[in-house]
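Participant: Under this note's numbering, think of the first position of the sequence shown as 4, with each following residue one higher.
Just to be clear, a hint being listed does not mean it is correct.
[To be verified] For lysine-lysine, the following DSBU-like pairs were computed, each having C-alpha atoms within a straight-line distance of at most 35 Å:
no., residue 1, residue 2
1, K93, K152
2, K130, K118
3, K36, K51
4, K51, K162
5, K152, K36
6, K93, K106
7, K36, K94
8, K94, K152
9, K51, K106
[Unchecked claim] Derived Cβ-Cβ restraints for the label pairs, each shown as a range:
no., residue 1, residue 2, range
10, R33, R156, 38 to 44 Å
11, L160, L83, 20 to 26 Å
12, L108, P82, 28 to 34 Å
13, I142, K36, 24 to 30 Å
Calculated from the structure, these hints are not laboratory results. Virtual Cβ for every residue (Gly too), placed ideally from N, Cα, C.
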Amino acid sequence: MEQPDSPPAAPIISDWVRVVWAEGGHRALRVEKEVLGFAAEGSRIRIKAAVDLDGAVCCPGPSRGGGEGLVRRELVFEPLSGESLSLWCKKLQDYMDNLGRPKRLFIFMNPFGGKRMAPKIFSNEVKPLLQDAGIEFDIQETRYQLHAKEIARSIDLSKYDGIVCVSGDGILVE
Numbered sequence: 004m005e006q007p008d009s010p011p012a013a014p015i016i017s018d019w020v021r022v023v024w025a026e027g028g029h030r031a032l033r034v035e036k037e038v039l040g041f042a043a044e045g046s047r048i049r050i051k052a053a054v055d056l057d058g059a060v061c062c063p064g065p066s067r068g069g070g071e072g073l074v075r076r077e078l079v080f081e082p083l084s085g086e087s088l089s090l091w092c093k094k095l096q097d098y099m100d101n102l103g104r105p106k107r108l109f110i111f112m113n114p115f116g117g118k119r120m121a122p123k124i125f126s127n128e129v130k131p132l133l134q135d136a137g138i139e140f141d142i143q144e145t146r147y148q149l150h151a152k153e154i155a156r157s158i159d160l161s162k163y164d165g166i167v168c169v170s171g172d173g174i175l176v177e
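Construct all of the structure, not just a fragment, from the sequences and the given hints.
Facilitator: So this is what it looks like as structure tokens:
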């Protein structure tokens, strides 16, 4: 007896995406760990990622081994149809929403912390990652010792998913 054709399987979108970089080579891109955010632009999807090029564990900038470490990359792809574009966007957004990532952060920055490098580190490394991830943030520069403690007592911390310190270790101790 002939069996009726079964309906086509629903498209599956994995949390892994195989990427071929413009500079050559390919690798798997892990959505949970490397994808910061994405945006639909017309018929294309632009994925913003932070990828580990040489085994760095967590931090942007050069690794201790002298390699590149975590590097920001963008990848653009064009699904074959509007329906596929919508499905990709929905699945990516649903997956990323379920990761429990922060949506809003409060940032303390000590302009004298970290050998006076905190503002540069924030502007060049931290801020672009937060923007790529679509994370809103409020930033407050500290002006004197224990200023962060005063600020923390005066703001509504329930508006934030976390607090970030860009400084040496002083603010963290406060």
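Participant: Each hint should be assessed against the structure and marked as holding or not.
Facilitator: Hint check:
1. Distance hint between K93 and K152 is unfulfilled; the C-alpha atoms sit about 41 Å from each other, more than 35 Å.
2. Our distance criterion of 35 Å between C-alpha atoms is met by K130 and K118, whose separation comes to about 19 Å.
3. Note on K36 and K51: the hinted pairing holds, with a Cα-Cα distance of about 12 Å set against a maximum of 35 Å.
4. Under the criterion of a C-alpha separation no larger than 35 Å, the hint pairing K51 with K162 is consistent with the structure, at around 26 Å.
5. For the hint pairing K152 with K36, the CA-to-CA distance comes to about 32 Å; that is within 35 Å, so the pair holds.
6. For the given pair, K93 sits about 18 Å from K106 by alpha-carbon distance, which is consistent with the 35 Å threshold.
7. Distance restraint check for K36 and K94: the Cα-Cα separation of roughly 16 Å lies within the 35 Å cut-off, and the hinted pair is therefore satisfied.
8. Between the alpha carbons of K94 and K152 the distance comes to roughly 41 Å, so the proposed pair goes past 35 Å and is violated.
9. Only pairs whose Cα atoms come within 35 Å are accepted, and K51 paired with K106 is accepted, the gap being roughly 16 Å.
10. Take R33 and R156: their Cβ atoms lie about 39 Å apart, and the range 38 to 44 Å holds.
11. About 46 Å separates the C-beta atoms of L160 and L83, a value inconsistent with the hinted range of 20 to 26 Å.
12. For L108 paired with P82, a C-beta distance near 32 Å keeps the hint of 28 to 34 Å intact.
13. Our hint of 24 to 30 Å for I142 and K36 holds, since their Cβ atoms are close to 26 Å apart.
Hints 1, 8, 11, counting from the list given before, are not met by this structure.
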